[in-house]
Every structure is written in C-alpha cells, then in structure tokens.
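Peer 1: Residue numbers (our numbering), protein chains in the order written: chain E, 1 to 239; chain R, 240 to 601.
These are calculated hints, taken from the structure and not from any lab test. One or more hints might be untrue.
Stated by the list, open to error - As a list, the in silico DSSO-like pairs of lysine-lysine whose alpha-carbon atoms are at most 30 Å apart: (1) R/Lys429 - E/Lys129; (2) E/Lys129 - R/Lys454; (3) E/Lys183 - E/Lys12; (4) R/Lys429 - R/Lys584; (5) E/Lys228 - E/Lys183; (6) E/Lys86 - E/Lys12; (7) E/Lys7 - E/Lys129; (8) R/Lys429 - E/Lys86; (9) E/Lys7 - E/Lys228.
Stated by the list, open to error - Over the 10 Å line for every Cβ pair with chain E, so calculated as not near, a few chain R residues: (10) Glu258; (11) Val286; (12) Arg379; (13) Ile396; (14) Arg416; (15) Glu417; (16) Ile430; (17) Tyr457; (18) Ala469; (19) Ser470; (20) Leu472; (21) Gly473; (22) Val474; (23) Val502; (24) Thr548; (25) Ile562.
Here the structure is a predicted model, which means the values were calculated and not measured. Ideal Cβ positions, reconstructed from N, Cα and C, are used throughout, including at glycine.
If you want the building blocks of each chain, they are given just below.
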Amino acid sequence: MAMLEVKGLTKKFGGLVANDDIAFAVKEGEILGLIGPNGAGKSTLFDLLTGFQRPDAGYVSFLGRSLLGSRPDQISRLGVGRTFQKLRPFDHMTVEENVMVGVLQHTANLRVAREQALGALFFVGLLEKRGAHGHMLSTGQRKRLELARAMATRPRLLLMDEVSGGVDQRSLPGLIDLVNRLKQQGMTMIIIEHNMQVLMSLADRVLALHLGRKIAEGTPEEIQNDRKVIESYLGLAYA
Amino acid sequence: MRSRTPAPMIAALGAAEREPALQDALNEPARTPWRLRTRLLGLAGLVALLAYPFVLNAPFPQHVMIMIFLYALMAQSWNILAGYCGQISLGHAVFFGIGAYSSGFLFATFRVSPWLGMMVGIAIAMAAAVAIGLPTLRLRGHYFAIATLVIAESVQIVFQRWEFVGAASGIWLPIVRENPLLNFQFNESKIPYYFIALGFLSLVCLAVWYLERSKAGYYFRAIREDPEAASSLGVDVSRYKVLAFMISAGFMSIAGTFYAQYVLVVDPETVFPLTLSILVLLIAVMGGVGTLWGPIIGAAVLVPLSEFTRIYLGGTGGSVDLIIYGALIVLICVFRPVGLLGIWKDWRLGTAVGGAKNRGNA
Chain E
1 MAMLEVKGLT KKFGGLVAND DIAFAVKEGE ILGLIGPNGA GKSTLFDLLT
51 GFQRPDAGYV SFLGRSLLGS RPDQISRLGV GRTFQKLRPF DHMTVEENVM
101 VGVLQHTANL RVAREQALGA LFFVGLLEKR GAHGHMLSTG QRKRLELARA
151 MATRPRLLLM DEVSGGVDQR SLPGLIDLVN RLKQQGMTMI IIEHNMQVLM
201 SLADRVLALH LGRKIAEGTP EEIQNDRKVI ESYLGLAYA
Chain R
240 MRSRTPAPMI AALGAAEREP ALQDALNEPA RTPWRLRTRL LGLAGLVALL
290 AYPFVLNAPF PQHVMIMIFL YALMAQSWNI LAGYCGQISL GHAVFFGIGA
340 YSSGFLFATF RVSPWLGMMV GIAIAMAAAV AIGLPTLRLR GHYFAIATLV
390 IAESVQIVFQ RWEFVGAASG IWLPIVRENP LLNFQFNESK IPYYFIALGF
440 LSLVCLAVWY LERSKAGYYF RAIREDPEAA SSLGVDVSRY KVLAFMISAG
490 FMSIAGTFYA QYVLVVDPET VFPLTLSILV LLIAVMGGVG TLWGPIIGAA
540 VLVPLSEFTR IYLGGTGGSV DLIIYGALIV LICVFRPVGL LGIWKDWRLG
590 TAVGGAKNRG NA
C-alpha cells in the first residue's frame with residue numbers, strides 16, 4: 001500500500017486553476033521530486049497536502065486515512081512534516097527553542113524535548129548555533145533549522161519546499177548530503193526542487209507540473225527526456 | 240497519536256549521543272543559574288518589600304506601592320496574552336470590570352465573601368475570554384485588537400444601562416467592621432491591602448515564570464512568532480490562543496476584585512474605561528513585553544509618575560500623566576522597542592564587553 005495517495009486533487013483561486021486533477025502516490029522510503037516552472041502549482045500542492053489550503057475536489061489519504069478537512073496541526077501530528085519555501089524561523093526564540101517546539105507534540109517534558117532538539121540540531125549540523133536567535137542565521141543555516149524543526153516532529157513523510165533555493169554554492173553540498181542521509185535512513189520525502197542536478201541525484205521518481213496539471217511522471221531520466229517537460233520547463237539546453 | 244512508532248531517523252539520533260559535542264550540549268544546563276550577587280540582590284529586594292509598609296508607615300507611600308502592585312498585576316496579565324502569545328488586546332478592562340462587579344455584586348447583595356466572589360469572577364472572566372476569543376482570535380493581527388476594543392466599549396455601555404447591577408451609579412459596597420479578613424475589607428490600615436496586592440502580583444509572576452518553562456509557554460511564543468509555522472509543527476493555534484486569553488483574563492479579574500475591595504465602589508466609568516486597557520498596555524510596553532520583569536518595571540516607573548502628577552497638578556492635571564505616558568511610549572517605540580528592561584540588558588551587555596576589552600588592553 002502506498003503511504004500517500006492523491007486522487008483528482010483540484011484547487012481553484014477564482015478563475016485560476018492552481019491544481020487540476022492531480023493524482024499520484026508515494027511509497028514508503030521513496031523520494032518523489034516535484035518540478036515545474038513558477039506558478040505550476042507545486043507549493044499549492046504542498047499546502048493542500050498539509051491542510052493550509054482546502055481542495056475544491058479530490059482525495060488525499062495518508063497511511064490509509066483521509067487528510068481532507070484536517071487542520072495543519074492535526075496533519076503534523078499524524079506524521080506529515082513540511083518546510084516552507086519562504087523560510088519561517090521563530091525569530092525571537094533561540095535555535096534550540098525553535099526545534100523544541102517541534103518535539104513538544106510528543107512530550108510535555110522540556111528536558112526530554114531539549115535532548116531530542118539537540119539531537120536533531122546535531123544531525124543537521126547546527127549544534128554550535130543552538131543559542132543563536134533565528135534572525136541571526138544565514139539562509140543555509142535557516143534551511144537546516146527548518147529541517148531540524150520539521151524532523152523534530154518525527155514525521156513519517158517529509159515535504160521539503162526547495163532544498164537549493166536561495167542557498168549559496170558553498171552551503172549547497174552540505175544540504176544535499178543532509179537530505180541524502182535522511183534518505184539513507186529511510187525517510188519518505190517529497191521534494192520541490194528547481195536545480196535539476198540536485199533533483200536527479202536525490203529523487204527516485206519525479207512528477208512534473210505545468211499550469212496546475214501533471215504533465216509527466218517517471219524516473220529522473222525519463223523526465224529529463226520527456227518532450228513536454230523539455231518544452232514547458234527545462235528548455236532547449238536539455239533538448 | 241502519541242504511540243506512533245518512531246521514525247528510523249530517531250534511532251540514528253540515539254547513536255549520535257556518543258558524539259562528544261552533542262554530549263557537552265546535553266550536559267550543559269538549559270538555563271544559566273543565578274549568580275550569587277543576583278541571589279543576594281533578590282533577597283535584599285524581598286526584605287525591602289516586606290519591610291516597606293512598616294518603615295514608611297503612612298497612607299500615601301503605601302497607596303503608591305499598592306497601585307504599583309495592582310498595575311503590575313494587570314500589565315503582567317496583559318503580557319501573558321500579548322507579550323508571550325502575540326495577541327494584542329485593547330479591551331482588557333472588560334475582565335477587570337468583570338472581576339470588580341462579580342465580587343462587588345455578590346458581596347453587596349448576598350454578603351458572599353469577596354474571596355469567593357473573586358473565584359466566581361475568575362470563572363466568568365475565563366468564560367468571557369472563551370466567548371470573545373473563539374470568534375475573534377481567528378482574526379489576524381490588528382483585527383483582534385480592534386475587535387477587543389469594540390467589545391470592551393459595548394460592555395461598558397451595557398453596564399451603564401443595566402439596572403440590576405446599579406446602572407451608571409454602580410455598586411456601593413457596604414462597609415463591614417467585623418471579620419476583615421473574610422470580608423476582604425481593612426478600614427483601619429492599608430498594610431493588609433499592601434500584602435494582598437503583593438501576593439496577587441507574586442501569583443501572576445509565578446504563573447509567568449512557570450509558563451516560560453512549560454510546553455504552553457513555548458507554544459505561545461511560537462504562535463506569536465509565526466502561527467502558520469507553529470501549526471505545521473503540530474501546535475493547535477486557536478486552542479492555545481484561547482488558553483492564553485483565559486489565563487490572562489483570569490488574572491485581570493483578580494485585579495478587578497482587589498480594586499473593588501480597595502475603593503469599595505464599583506461603577507462602569509472606573510472599571511470599564513478604555514484608558515485602563517490602554518494604560519495596562521503602555522506599562523507592559525514601557526517595561527518590555529514578553530518578559531517576566533518588564534511589566535513590573537513599567538509599573539514601578541509609570542505609576543508613581545501618575546500619582547505624583549495627580550498630587551502636584553490636582554484636578555486640572557487629570558490627564559497630564561497620560562500626556563507624559565504618551566510621550567514616553569513614543570520615545571520607546573521610536574528609539575528602543577525592547578522597553579526599559581531591554582535597554583538595561585543591552586547596556587549591561589555593552590559594559591561587559593567594554594570591560595573585557597579594557598582588561599585585554601591593560
């Protein structure tokens with residue numbers, strides 16, 4: 001059985017169809033890449049899956065349970081974690097406290113929460129920054145913080161909105177390595193990613209969106225050679 | 240969903256616990272313990288507070304301190320909702336009025352002990368917070384502030400017309416000589432009021448202290464910082480907003496009961512005014528929002544200012560204190576939005592760094 005199943009998912013904003021009849025499935029331990037030009041509906045899809053937006057039609061089931069009508073916090077407690085494209089650290093809380101908020105859905109014991117938060121910070125390589133405040137971090141560090149925070153909720157499925165976006169070349173390999181380590185540990189993920197090289201190295205399967213519709217789905221190689229994907233997104237460089 | 244099987248990632252985290260850097264981090268205390276000097280200062284402050292009403296045994300200095308405690312109590316209540324949870328209320332006088340009317344009405348009509356009346360007041364204030372909070376806390380940012388402002392004004396108008404509770408003339412609490420403690424009335428001396436106010440203030444500060452070390456406190460701050468990110472981490476945002484509102488309203492109503500017993504008159508003009516809601520906000524902002532000590536410092540600075548201007552300028556100076564407040568707040572907001580507490584912390588940090596530099600040069 002698939003971990004996540006999506007059928008006929010549709011979301012309209014006025015006359016604009018942001019997601020049009022989207023269907024796909026994610027198996028346990030798999031990394032699904034999500035590509036598409038700006039406005040293709042990738043972030044909207046994340047918002048629909050995590051309860052930040054209500055779909056107009058369609059069906060989402062996670063571990064055999066419908067997610068429709070659930071609030072974001074309920075979906076988080078069911079085991080779906082996410083990061084945001086526009087990073088949102090809690091600026092006036094320390095890095096450590098940021099991550100503790102994620103752990104606290106499992107325990108009310110602050111000592112336990114702190115231990116697990118430090119573990120997550122160690123994992124993402126941000127342990128030294130534990131006392132710093134959110135707004136003092138670089139973009140790369142903030143991405144790590146968001147990842148640590150989402151991991152602290154112990155998700156079964158992690159939705160990552162852009163690994164490489166806004167990150168300088170120097171910090172990128174570390175971040176990719178981080179996602180790879182998560183993958184090795186069997187974390188199931190859906191990743192939105194614009195950098196094709198990054199995506200090809202991480203994803204088992206790729207879903208291409210264009211103007212709210214699914215235009216292709218397959219292995220990274222198949223997607224790279226798909227005529228529709230090349231026309232709409234990758235451009236002639238890949239032809 | 241608490242008993243979910245842990246994701247594989249956590250197993251790996253367990254293995255990482257043998258890493259020295261992580262081990263060091265795990266061993267260090269979550270908070271730096273107070274230094275000896277701070278402890279001694281705290282002890283001296285406590286002794287001074289306990290001795291104050293006996294040393295300065297005159298009504299006016301005692302009254303000023305009681306007012307500082309009362310306003311610090313209110314500012315701290317407001318701080319729980321606004322400073323920690325980020326929901327700016329402009330109508331907190333409602334809960335003050337509810338506290339004052341609940342105990343006042345029950346005492347004047349049925350001779351119910353104001354202590355019991357206070358409990359009733361807390362319950363009604365919390366219920367009102369739920370009733371007001373459920374629809375309005377869904378509103379974002381400024382809309383909640385406007386909604387609370389309008390609701391507070393409407394409640395005042397209702398009480399001005401409501402004959403059952405004395406309409407515009409309010410409730411005059413009967414003066415009772417026997418059993419002062421049970422009747423929460425001390426006509427001979429202000430000293431009991433001094434200690435009761437100090438006790439209530441300690442209670443709310445203890446609550447904030449505890450909140451800072453609890454799951455709810457972390458959730459409140461996460462909601463203040465970014466409600467959407469908080470909800471993505473499993474925080475039930477509306478539930479915790481309402482919880483913050485309830486705690487805040489409960490303490491505010493305690494202040495109302497205290498005030499009713501202190502002046503023995505309750506009327507809509509004095510317990511539901513917009514100026515009270517604003518004053519409570521100003522004190523907290525002045526001292527530093529979202530901190531334990533901010534509201535206390537704010538009250539210690541602003542309340543004497545208002546009491547003294549009232550004395551020196553008499554009836555004509557009724558609003559001078561508000562003008563001064565306004566000017567101070569503008570200065571704070573423009574130059575240092577962190578409040579007095581933040582300014583002091585920065586100054587100390589600055590001198591500490593400077594001191595270290597000087598030592599290095601020597």
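Peer 1: Work down the list of hints and note, for each, if the structure agrees.
Peer 2: Cross-check of the supplied hints:
1. R/Lys429 - E/Lys129: Status violated; Cα separation ~52 Å.
2. E/Lys129 - R/Lys454: holds (22 Å)
3. E/Lys183 - E/Lys12: violated (33 Å)
4. R/Lys429 - R/Lys584: Roughly 35 Å separates the two Cα atoms, so the pair is violated.
5. E/Lys228 - E/Lys183: Holds, at about 29 Å.
6. E/Lys86 - E/Lys12: Satisfied, since the Cα-Cα distance of roughly 22 Å is no more than 30 Å.
7. E/Lys7 - E/Lys129: At roughly 42 Å apart (the allowed maximum being 30 Å), E/Lys129 and E/Lys7 break the hint.
8. R/Lys429 - E/Lys86: Outside the cut-off at roughly 57 Å; violated.
9. E/Lys7 - E/Lys228: The given pair, whose Cα atoms are some 22 Å apart, holds under the 30 Å limit.
10. Glu258: For R/Glu258, whose nearest Cβ neighbour in chain E is about 6 Å away, the distance does not exceed 10 Å, so it is violated.
11. Val286: holds (32 Å)
12. Arg379: The claim stands: R/Arg379 keeps its Cβ more than 10 Å from every Cβ of chain E (closest is about 14 Å).
13. Ile396: holds (36 Å)
14. Arg416: At about 49 Å from chain E, R/Arg416 clears the 10 Å cut-off, so the statement holds.
15. Glu417: holds (47 Å)
16. Ile430: holds (39 Å)
17. Tyr457: violated (5 Å)
18. Ala469: violated (7 Å)
19. Ser470: The claim is violated: R/Ser470 sits with its nearest Cβ about 4 Å from chain E, within 10 Å.
20. Leu472: R/Leu472 is in fact no farther than 10 Å from some Cβ atom of chain E, at 5 Å.
21. Gly473: At roughly 3 Å from the nearest Cβ of chain E, R/Gly473 sits no farther out than 10 Å, so the non-interface label is violated.
22. Val474: Violated, since 6 Å does not exceed 10 Å.
23. Val502: holds (39 Å)
24. Thr548: With a cut-off of 10 Å, R/Thr548 remains clear of chain E, as the shortest Cβ separation is near 34 Å.
25. Ile562: Fine: 31 Å to the nearest Cβ keeps R/Ile562 off the interface.
Hint check: violations occur at hints 1, 3, 4, 7, 8, 10, 17, 18, 19, 20, 21, 22; the rest are consistent with the structure.
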